[in-house]
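Student: Line order of the protein sequences matches chains G and X. Residues in the first sequence are numbered from 1 upward in steps of one, following this note's numbering. Residues in the second sequence are numbered from 1 upward in steps of one, following this note's numbering.
FYI, nobody ran anything at the bench for these hints, they're computed from the structure. Beta carbons: idealized from backbone N, C-alpha and C, even for Gly. Take these hints with a grain of salt, some might be off.
Listed next, the stretches of chain G that the computed footprint assigns to chain X, with coverage defined by at least 3 CB atoms under 8 Å from CB atoms of chain X [as the list claims (entries may be wrong)]: (1) 34-44; (2) 56-62; (3) 73-79; (4) 90-100; (5) 164-176.
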Amino acid sequence: MIRSEILKEIAPILRDQLIICNIGIPSQELHAIDDQPTNFYMLGTMGLASSIGLGLALAQPKTVIAIDGDGSVLTNLGTLPTIGNNAPSNFILMIIDNGSYGSTGDQPTYTGKKTDLVGMARAAGCDNVIEVQDVDTGAALRAVIDSNEATVMVVKCDSGNAKMPVITMDPVVIKDRFMKAIEA
Amino acid sequence: MNIDKKITDDLVANDVSFVTTVPCKQLAGVIDEIDAREEIFHIPSNKEDEGMGLCAGAYMGGKRPAIIMQNTAIGVTINTLATLIQYYRMPLPMLISYRGELREPVACQVEMAVHTKALLAQMNIPTYHFHKQSDVEEFDMILKYTFMCNKPVAILTDANFWGGYGDQ
Chain G
1 MIRSEILKEI APILRDQLII CNIGIPSQEL HAIDDQPTNF YMLGTMGLAS SIGLGLALAQ
61 PKTVIAIDGD GSVLTNLGTL PTIGNNAPSN FILMIIDNGS YGSTGDQPTY TGKKTDLVGM
121 ARAAGCDNVI EVQDVDTGAA LRAVIDSNEA TVMVVKCDSG NAKMPVITMD PVVIKDRFMK
181 AIEA
Chain X
1 MNIDKKITDD LVANDVSFVT TVPCKQLAGV IDEIDAREEI FHIPSNKEDE GMGLCAGAYM
61 GGKRPAIIMQ NTAIGVTINT LATLIQYYRM PLPMLISYRG ELREPVACQV EMAVHTKALL
121 AQMNIPTYHF HKQSDVEEFD MILKYTFMCN KPVAILTDAN FWGGYGDQ
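If we strip away everything but chain X, and leave its shape as in the complex, we get (with noise of 0.2 Å):
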């Protein structure tokens, strides 16, 4: 299965039509996917709080967005997502790579790692785990559920569902 290519043809199939991202190793693949299909506009972003205040617009002005961003930048976000996304009550899907989990070659990634699903859990936001590449099954339904409930929702795809980091 190409894992780019279902999560792009989910996003499209859910009318996700205006994607921003912050790039990632693991997410290369994902964002040229993205960047190639004439249903998406893709605007990459320079910091992810950026990037929601983007999807922010989009939204109110009839688009359904999505960002694509590194666990990393749940510290940059906190803020962003309480007072804008889930003050106004917008929904937002966050596919996230999870780096500093199974597979990770760079230490210091282990240090947001660790981090990552306890912060999402205080701001109350729904978590769900890739860590198998069949876990992108669920991808479309998850898609439905963040339209359905008006919240921003995370979708953190560890190393290992990507497949790796090759010899490392």
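Bound conformation, chain G alone (with noise of 0.2 Å):
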């Protein structure tokens, strides 16, 4: 499965959840597969998907799914330690790990060689950390937010992009309405 796949698969169970969703075609994906108020899109500043999750998820108690990417995570590994000290249990990092930079032309990151996420991030702290091939994706979500804890997932799946139109949203907009849903 490519990540478009799996979001069309798992839109079901984000369409309850608080999402910060990564930039640029993850974000593009999301939107057109099932935009919600309930979805943050970055449109800019690669790499921080995470920490705005956890900030968020430190901030309110409802539960919190940064969907980030293999190579935005490795820009900003410095997010991992902090989130392995901190994260609280409504938190939840999926990365999608498709071992590509699937936005500028799906060329490789080290994930898809000898680089291995999962084992960093059990070495930065994160007490729950689990390796979901993509067909199981949206069982182990389910199974992860009935848990109550906070976890990273790296979801293993094949490189790949879906044809979406680009997100013309004001961000002031998105931040708006996303304000106002975390609110009802």
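With the hints as a guide, dock the two chains, each given alone in a separate frame, to form the complex.
Tutor: So this is what it looks like as structure tokens:
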């Protein structure tokens, strides 16, 4: 499976949660598949989905799922120790690990070579780290949400992108409706 | 006047309850003070752009955030300031240790000091410079201004403000 197929499958689960979605094609795919006010789309700032998600989870009690990528986590590796030492029970980091920089032409990342994000997250102090195969993502995500424990999921899948339109929504509108959805 | 305590008291009085820090020798006292205060959740970050991501999330979750960092971090955070904090219109007080100014003992610090105000001006970031201890009196107003206008605001605090480096 490629990322967009996974997002399509788990969209009914994501709909009920607060989502911080990674920059580029992941946000475009989620926006096209199931746009929700509970989705925060990153239009720039590669690497910070996990940090924004962690800040949000620490600030309020609803479950937060940060949908990140292997390339984006690699660009902000300092996030893993911060998560490992501070993540509250309502925080889930879901890293879609397709071993490539999808938004820029599928150039390989190091996770497609020798680098293991599961091992890195554990070494950084994250207590619950699971590797999931693409076809199992939905069931695994439901179980993680029900467990009510801070979790890092590394979802292994194929490289590739769906053709989706660029998000034209104004960033202030994205933020405003997201903050209203959090309060609702 | 204990400026560490005054800064922390002003943060608490302005309902700033989520503070991330990347340390500096000059900021050690205020970081200790913040860490000790129950009203503030203190989360150290490993890099300043990561810290701004944490602050963005906390803000959307209903908390008033702040970041404490060195001016060298302006070089690290330009993209995050432009595409996250400014683009989405989020308030962010940035209490910045202004290394490389008068009484600085480390020459390399001057190399980023000479770019600091120019970069902040280029980014249209309101900037205040605390040089004397009495300048801290404006901190409360600067916090109110930041959360009024929903912008990142820089407070540069130099070695003279913090009382120098002892014998150096």
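Student: Would you check chain X against the stretch 73-79 of chain G, counting CB to CB pairs closer than 8 Å, and say if three or more residues qualify?
Tutor: holds (count 3)
Student: Count the residues of the stretch 56-62 of chain G whose CB lies closer than 8 Å to any CB of chain X, then report whether that count reaches three.
Tutor: holds (count 5)
Student: Take the stretch 164-176 of chain G, compare each residue's beta carbon with every beta carbon of chain X, and decide whether three or more fall closer than 8 Å.
Tutor: holds (count 4)
Student: Three or more residues of the stretch 34-44 of chain G near chain X by CB distance under 8 Å?
Tutor: That given contact holds, which follows from 4 residues of the stretch 34-44 of chain G lying within Cβ reach (below 8 Å) of chain X.
Student: Taking beta carbons only, do three or more residues of the stretch 90-100 of chain G come closer than 8 Å to chain X?
Tutor: violated (count 0)
In summary, the structure is inconsistent with hint 4 from the numbered list given earlier, while agreeing with all the others.
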